[in-house]
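Got chain A; can you put chain B on it based on the hints?
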Amino acid sequence: MMISSAIIPQPLARLPWRLIWLVALICTIGIVTLFSAAGGSWSPWALKQGLIILAFFGLAIAISYIPERFVKQVTFPTYMVIVVLLIIVDMVGFVGKGAQRWIDLGFIRLQPSEFMKPGVVLVLARFYDLIPASDVRQWRGLWPAALLVLVPFALILTQPDLGTATMVLVGGVTVMFVAGLPMWYFVSAAAALGAALPVVYAMMHDYQRKRVLIFLDPEADPLGAGYHISQSKIAIGSGGIWGKGYLNGSQSHLDYLPEGHTDFVFATFVEEWGLIGGVMLIFAFAMVVRWGMKVSQRARSRYSQLAAAGLSMTIFFYFTVNLMMVMGLAPVVGIPLPLVSYGGSAVMTVMICLGLLMGIERQSRTRSTLA
Amino acid sequence: MKASRYTAAHQSITFSRRMMLVGGAQAALGGALIARLGYLSIAQNEHYQLLSESNRVQLIIVPPRRGWIVDRAGKPIAINRSDFRVDIIPEQLERPTDTLRTLTQSLKLGPDDVDRIIKEIKASRGYQPVQVAENVPYEQYAAVTVRLPEMPGVQPMRGFSRFYPTGPAVGHLIGYVGAASAKEYEEEKNPLLVTPGFKIGKEGLEKTLEKNLRGQPGGQRVELTARGKLVRELEPKPDRSGQTIQLSIDAGLQDFAARRLGEESGACTILDCQTGDILCMASMPAYDPNSFSDGIGRTEWSMLSQDERRPLVNKTLNALYPPGSTIKPMNSLALQAAGVDPDETIFCPGGYRLGNRFFRCLGRHGTVNMRRAIAKSCNTYFYAMGHRVGYDRIAEMARRTGLGQKFDLPVVSQSYGTVPDSAWKARKYKENRRVVERPDWTASDTLNASIGQGFLILNPLQLAVMAARIASGRNVQPNLLGVHKQPAPLLGIPQEHLDATRGGMWEVVNGDGTAGASRLQVPGIEMCGKTGTAQVRKIVGSQRGQSGDWKYRDHGLFVFFAPYDNPRYAGSVVIEHGLGGARAAAPVAKDVLTFLFDQERAMASLTALEQQWGGTLLERTARRQSQVEEISKANLRRSA
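Residue numbers (our numbering), protein chains in the order written: chain A, 498 to 868; chain B, -7 to 632.
It should be emphasised that the hints constitute simulated quantities derived from the structure, not laboratory data. Glycine is no exception: its CB is placed at the ideal position from the N, C-alpha and C atoms. Worth double-checking, as some hints may not be accurate.
Stretch-level coverage of chain A by chain B, calculated; a stretch enters the list once three of its residues show a Cβ under 8 Å from a Cβ in chain B [as the list claims (entries may be wrong)]:
| id | segment |
| --- | --- |
| 1 | 749 to 758 |
| 2 | 770 to 777 |
| 3 | 804 to 814 |
Straight line, CA to CA, 20 Å or less: simulated EDC-like cross-link-like pairs of lysine to aspartate or glutamate [claimed, not checked]:
| id | chain 1 | residue 1 | chain 2 | residue 2 |
| --- | --- | --- | --- | --- |
| 4 | B | Lys221 | A | Asp752 |
| 5 | B | Lys417 | B | Glu388 |
| 6 | B | Lys221 | A | Asp587 |
Quick list of simulated restraints, FRET-style, between CB atoms [stated by the list, open to error]:
| id | chain 1 | residue 1 | chain 2 | residue 2 | range |
| --- | --- | --- | --- | --- | --- |
| 7 | B | His2 | A | Arg797 | 16 to 22 Å |
| 8 | B | Ala27 | A | Met680 | 48 to 54 Å |
| 9 | B | Asp105 | A | Trp539 | 48 to 54 Å |
| 10 | A | Met784 | B | Thr(-1) | 33 to 39 Å |
| 11 | A | Ile563 | B | Arg(-3) | 32 to 38 Å |
| 12 | B | Thr(-1) | A | Trp539 | 55 to 61 Å |
| 13 | B | Thr217 | A | Ala552 | 30 to 36 Å |
| 14 | A | Ile563 | B | Arg224 | 36 to 42 Å |
So here's chain A without its partners, still in its complex pose (with noise of 0.2 Å):
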């Protein structure tokens, strides 16, 4: 830092390196594989891919340019439009009778549920930034917090997502576990989950437990609903330790992988690249996470501090829902890899995760110099 300062200007130099280079790692392998995946192509995915991934690390780079005091200030407002924009989803689809994830803005399809992934972590944040300290054991320090967090997880459960509305309630769980609920809570809200899987199990439709069934054993029936799961699992388990090489996998150049490019990249890129790449891209991921880790830490005041803590693990859950359904660890919930998978929904999260980190390590350090 001290040396590229002198030589570059200081807004680049300012620029968390070490974070970016990372991103770029896991955003080049996600263009390579998906090269792959088209056999050998750059259409229809890879420069898709590359584009938008630009695109929206300039809005990453953006929003971490946007002060906290202005974070703070929107953070409720945005809530509540997200909160408004998933019923009228909800609606529309009940309407149109058809689920449906999506408002179509005619340039744009707007997804709110991916907004409400760092929404519900800020607005929580936020929450426990405003009450006094006495208060987050208390009783009214738990029941808003529950209800801001359980209301988007019911509308996006209704549409029906179960990856994404799992994915809400984690966030805003880690930001409630953080800011320092009693430990009680969390301890016997697990046991109660545990208690109530299997009476959950028993009111569960027919094709909904059969697909319980097919997660606990996809061999079972591997031409039919477990085919995604054996597939993937033979296409990860045939690259072995170095892989079949690039451009060599044969699970996904026969089209034998479904949904190579998207859900399953990873066992695209596992195929070809082996153990070897497949640990690498999970190290990376790994080095961002801590990255946005070390920032909460850092982290001056509480509201960032907590907030940075819920996205970077929001972007851990992202990656890591992915990765078990992928190598037969959960069953499939249709959640992509974030920045390898093709698509714009998720980069978009992650950028805007990302960079609202970035706005936080920025604060605390220009903070930290000016003390």
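Leaving out everything else, chain B in the frame of chain A:
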């Protein structure tokens, strides 16, 4: 919880602690992800690599050529004839409707065929071909080949179909082949079974020797996408033909025997009486395995299954007959083993009185010793002697000579009949009171069994084995596979006993015995034998099964061996409802044995006979086949 206030300082400590917990949980989950990735790509790598390869590479199966079946001299019994076939590869079809219409015209397909093809094309996955037609005549094949450029996806091929040169003569022995049924595929799960044109053994040796005859399929290895699209062709895998299997059968003799049985319903079995090699096992009438292997029509099937001469039953193994007097030579061995002197005489007044019942003989033979009793087939002698020694001792000898026994043969099934004795009767009484009315063995049971009636029923192969064991004195086991040179071990029956019995059998044919008319016309070769006439139902009044409905007439049986001085061949002939052994069965035996020593003479007499019957076996079969086709066409017209 303490009532003390929760302050900002507390909050900050809690935050750091909680952050460590969150970080720890993240690290643990990340570690789990890496562990899972390592498990999949290291520990499970081999497993998944195999699965990935089996996804990628698929085999377009080329059925292996089925192994030949040849006789003891290497003469073919079952071979493969090349034929033409047409398949469709659904994935490559571009204009299914037009293509099918063209094929229907040029191959003259029926509406049933077209229905089947459409159904199979819809059900097929990827590169699996669907059969359009097999056994296509050359002109039609050529017509399809010429139009190939306008019909992508159609695949004319040269295939192989099974051919049995002697047709019905080997029907029951060899069986036939056919396309695997859905059930057979379920059992084996082998994709070869559903490959168009592939046939498996369905009956007889074709079925029991399936493993050896089948071979290893080869094929074109191709890389396919998940949707079955061809990416590229890899190195082809060569197929391996099935094994050629040599039988102990003499194909010429088998054919001759089948033809000699002519229009009769019967069986002719001949063994090498030293080694046990089965030289011929003919059962007539028989289905034509050639027409079965092409797939048999419903009309032909119902005609075959309704025929009272049972062309679907292998009468050498799966039909049981009362042996009648043919077991008397065996009885004579049993009597001698029980101490009866062959020179002891019995007076035959035309029957034998047991209590207040009179058991009839076929004539008044006067004073007879063992040799004369065999020659004249005197019932009285065997009634009296059987009564003296008891049937349990005779049953023992019966089993020793192979009667009632199941042999170790590669056949689909064999009925082994009954050699009754007191223990059998007691057991049977418990199981089935309709067959056996009382539990104890009676003297009249002995008398009936002594002349080959009553509870005693046997199959023709057992009779042939009995003749072979008496002829050689060896413990002959019948063989169907390969050629054996080593004579079987001796049975341990004293030579003088065998001599007395064989002497009686010599006299049957060469003395003034019952089969004097069937003396061999080959210089220096004498046949020995024993006739038998078995009642099909109880004698009613004066009717002796010598007239009336065919199905109530007596069976004619004959067991024999030759030459007398140095036995080599032994066998049995059974003619269902042939009225008598001397009349129906012995002449067949005579001709079949003549064939073994003097083929020209035998063929001359056969030709004369076949002229009377209206042509050779193959000619008659072809004629019958065309009749069947007429009838089935007529049926079709009627139903349409």
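Checked hints:
1. 749 to 758: It holds, with 3 qualifying residues against the three required.
2. 770 to 777: Holds, because 4 residues of the segment 770 to 777 of chain A bring their Cβ atoms closer than 8 Å to Cβ atoms of chain B.
3. 804 to 814: holds (count 3)
4. B:Lys221 - A:Asp752: Status holds; Cα separation ~10 Å.
5. B:Lys417 - B:Glu388: Within the cut-off at roughly 15 Å; holds.
6. B:Lys221 - A:Asp587: Distance of about 41 Å is beyond 20 Å: violated.
7. B:His2 - A:Arg797: 16 to 22 Å: Hint holds: Cβ distance 18 Å, inside 16 to 22 Å.
8. B:Ala27 - A:Met680: 48 to 54 Å: violated, 28 Å
9. B:Asp105 - A:Trp539: 48 to 54 Å: Holds, at about 50 Å.
10. A:Met784 - B:Thr(-1): 33 to 39 Å: The hinted range 33 to 39 Å holds for methionine 784 (chain A) and threonine -1 (chain B), with Cβ atoms some 35 Å apart.
11. A:Ile563 - B:Arg(-3): 32 to 38 Å: holds, 35 Å
12. B:Thr(-1) - A:Trp539: 55 to 61 Å: holds, 58 Å
13. B:Thr217 - A:Ala552: 30 to 36 Å: holds, 34 Å
14. A:Ile563 - B:Arg224: 36 to 42 Å: violated, 55 Å
Hints 6, 8 and 14, counting from the list given before, are not met by this structure.
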